[in-house]
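**Q** Here are the chains, one letter per residue:
4 protein chains.
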Amino acid sequence: MPNSHTSCFRIEFGDCDPAQIVFYPNYFKWMDIAALHFFNACGIESWRQTKAEQGIIGAPLIGASAKFVSSATYPEQIEVDTSVQEIRGKSFVLRHVIRRGETVLVEGEETRIFAIEDPADPKRIKAVAIPGDILAQWT
Amino acid sequence: MPNSHTSCFRIEFGDCDPAQIVFYPNYFKWMDIAALHFFNACGIESWRQTKAEQGIIGAPLIGASAKFVSSATYPEQIEVDTSVQEIRGKSFVLRHVIRRGETVLVEGEETRIFAIEDPADPKRIKAVAIPGDILAQWT
Amino acid sequence: MPNSHTSCFRIEFGDCDPAQIVFYPNYFKWMDIAALHFFNACGIESWRQTKAEQGIIGAPLIGASAKFVSSATYPEQIEVDTSVQEIRGKSFVLRHVIRRGETVLVEGEETRIFAIEDPADPKRIKAVAIPGDILAQWT
Amino acid sequence: MPNSHTSCFRIEFGDCDPAQIVFYPNYFKWMDIAALHFFNACGIESWRQTKAEQGIIGAPLIGASAKFVSSATYPEQIEVDTSVQEIRGKSFVLRHVIRRGETVLVEGEETRIFAIEDPADPKRIKAVAIPGDILAQWT
Numbered sequence: 001m002p003n004s005h006t007s008c009f010r011i012e013f014g015d016c017d018p019a020q021i022v023f024y025p026n027y028f029k030w031m032d033i034a035a036l037h038f039f040n041a042c043g044i045e046s047w048r049q050t051k052a053e054q055g056i057i058g059a060p061l062i063g064a065s066a067k068f069v070s071s072a073t074y075p076e077q078i079e080v081d082t083s084v085q086e087i088r089g090k091s092f093v094l095r096h097v098i099r100r101g102e103t104v105l106v107e108g109e110e111t112r113i114f115a116i117e118d119p120a121d122p123k124r125i126k127a128v129a130i131p132g133d134i135l136a137q138w139t
Numbered sequence: 001m002p003n004s005h006t007s008c009f010r011i012e013f014g015d016c017d018p019a020q021i022v023f024y025p026n027y028f029k030w031m032d033i034a035a036l037h038f039f040n041a042c043g044i045e046s047w048r049q050t051k052a053e054q055g056i057i058g059a060p061l062i063g064a065s066a067k068f069v070s071s072a073t074y075p076e077q078i079e080v081d082t083s084v085q086e087i088r089g090k091s092f093v094l095r096h097v098i099r100r101g102e103t104v105l106v107e108g109e110e111t112r113i114f115a116i117e118d119p120a121d122p123k124r125i126k127a128v129a130i131p132g133d134i135l136a137q138w139t
Numbered sequence: 001m002p003n004s005h006t007s008c009f010r011i012e013f014g015d016c017d018p019a020q021i022v023f024y025p026n027y028f029k030w031m032d033i034a035a036l037h038f039f040n041a042c043g044i045e046s047w048r049q050t051k052a053e054q055g056i057i058g059a060p061l062i063g064a065s066a067k068f069v070s071s072a073t074y075p076e077q078i079e080v081d082t083s084v085q086e087i088r089g090k091s092f093v094l095r096h097v098i099r100r101g102e103t104v105l106v107e108g109e110e111t112r113i114f115a116i117e118d119p120a121d122p123k124r125i126k127a128v129a130i131p132g133d134i135l136a137q138w139t
Numbered sequence: 001m002p003n004s005h006t007s008c009f010r011i012e013f014g015d016c017d018p019a020q021i022v023f024y025p026n027y028f029k030w031m032d033i034a035a036l037h038f039f040n041a042c043g044i045e046s047w048r049q050t051k052a053e054q055g056i057i058g059a060p061l062i063g064a065s066a067k068f069v070s071s072a073t074y075p076e077q078i079e080v081d082t083s084v085q086e087i088r089g090k091s092f093v094l095r096h097v098i099r100r101g102e103t104v105l106v107e108g109e110e111t112r113i114f115a116i117e118d119p120a121d122p123k124r125i126k127a128v129a130i131p132g133d134i135l136a137q138w139t
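Protein chains in written order, with my numbering: chain A, 1 to 139; chain B, 1 to 139; chain C, 1 to 139; chain D, 1 to 139.
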């Protein structure tokens with residue numbers, strides 16, 4: 001019953017900017033990937049599958065934050081430790097610690113919900129309860 | 001003496017993900033661009049120029065956060081209102097409100113410093129004081 | 001009856017890489033956006049709409065190429081001239097000339113088809129004939 | 001003496017677009033990474049190092065092309081087989097075959113040069129001869 005997961009990435013040339021360090025939105029991209037890898041470890045194969053089975057199109061963000069502690073550049077290897085930090089009704093907080101070895105680079109948080117298409121407007125989305133089998137793993 | 005600026009963007013197909021809405025790290029990309037547009041309005045042409053003149057390679061982040069209030073999709077037009085919210089010694093907080101017309105999509109904050117290359121390690125960076133001509137515009 | 005269109009972009013800090021010039025996949029991103037702007041000018045509002053009305057989910061690529069003639073960096077303004085170069089049955093070739101003022105930066109081509117979801121496999125796509133109202137504008 | 005290399009990637013949610021398939025500029029991003037992994041295998045650790053030692057800031061593109069044979073989506077695993085296809089004076093052609101298992105997704109080519117900063121204009125770049133130790137491995 002996983003409530004944490006570690007994902008590994010290599011910082012690439014194209015992830016860095018003219019200041020030679022990681023272009024910061026990429027840290028959120030890695031957190032998003034780490035979140036999906038964590039969901040995979042919890043038994044969610046893809047949002048395509050959850051959409052077909054439960055109407056759930058994904059787990060979009062309602063909030064995200066990061067503290068940038070140390071800078072990093074290519075071709076360094078990084079690891080992201082993802083865990084469930086808090087559950088608040090329909091929303092939940094994932095904590096991501098991004099490390100290069102023992103050096104913490106970023107401490108991040110994502111607040112997410114599980115969502116379906118808004119029946120009233122297919123261009124918008126709507127929160128639903130955390131699926132029971134997922135909740136059982138996290139509590 | 002600008003302490004705020006509005007930037008305009010069009011959400012493109014490639015900015016959206018399989019859930020049909022903006023892939024969230026892109027909001028941080030737009031905040032980063034809005035920050036640079038704001039710095040441009042304050043008289044900073046490019047980090048290339050500040051590096052040549054003052055050694056300043058950029059204004060990297062030490063923190064970033066966002067609340068995602070409403071979802072958005074292509075081909076919608078958005079505006080980002082950027083302002084200096086707070087100055088804390090060497091660091092400063094930019095507030096970004098991302099809107100589609102009157103609808104607030106995202107409320108974001110970036111905490112930044114002005115940085116030079118670390119003389120001790122060219123792969124790392126180091127904070128310096130906010131340049132006087134910039135500080136004068138913000139206070 | 002448009003068979004050409006010009007799109008404008010500003011090269012941003014985050015579009016550039018540690019070599020200080022545009023990270024090259026971004027030129028294809030701009031071509032993709034320019035293609036969509038061109039389709040917009042031809043009366044296609046969004047693929048969401050074409051999917052609802054005709055089942056067409058987009059105009060995916062079957063080929064793309066670019067010659068990189070001059071380098072560019074931020075914060076330069078660029079323009080992309082997009083035109084239909086050739087129609088080959090179900091496929092068509094868009095030509096994109098990316099310029100900074102009079103200086104040609106990139107000469108690109110995209111070969112695209114109009115596509116629907118493959119009825120046999122929703123994870124795959126299938127080519128359909130170019131819609132008549134579009135073809136009429138291009139020939 | 002490597003003249004070919006295989007790189008592995010996982011297609012992520014954020015690599016895909018509203019048509020549910022890979023957003024095509026990402027294939028060029030993977031080719032760029034695969035090229036760098038190949039250069040790594042040839043003994044180039046980073047462009048930072050080559051810049052310090054030889055003034056070489058990278059191996060920028062003068063051309064790129066791709067044929068998109070089959071579509072792909074997340075969370076599929078892909079492999080990129082990179083090899084030197086041709087050497088033409090200062091330029092060289094890398095061939096990239098992107099596969100999902102035995103299924104070819106993309107056949108790509110990148111034509112690159114080794115470059116230094118243009119002494120006449122630091123915002124521009126200039127081609128130099130392929131370094132001898134690299135050339136020896138490729139011929």
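These aren't lab readings, by the way, just hints derived from the structure by calculation.
The reader is advised that the hints may include incorrect statements.
Since copy identity is lost for identical chains, a pair holds within one copy or between any two.
[Claimed, not checked] The calculated lysine to any residue pairs, modelled on SDA-like cross-linking and capped at a C-alpha distance of 25 Å, are:
1. Lys90 - Ile78
2. Lys51 - Ala129
3. Lys123 - Arg100
4. Lys126 - Ala136
5. Lys123 - Arg95
**Q** Could you run down the list of hints and mark each one as holding or not?
**A** Hint check:
{"no.": "1", "hint": "Lys90 - Ile78", "verdict": "neither (31 Å within a copy, 28 Å between copies)"}
{"no.": "2", "hint": "Lys51 - Ala129", "verdict": "within (14 Å within a copy, 30 Å between copies)"}
{"no.": "3", "hint": "Lys123 - Arg100", "verdict": "between (39 Å within a copy, 14 Å between copies)"}
{"no.": "4", "hint": "Lys126 - Ala136", "verdict": "within (22 Å within a copy, 41 Å between copies)"}
{"no.": "5", "hint": "Lys123 - Arg95", "verdict": "neither (29 Å within a copy, 27 Å between copies)"}
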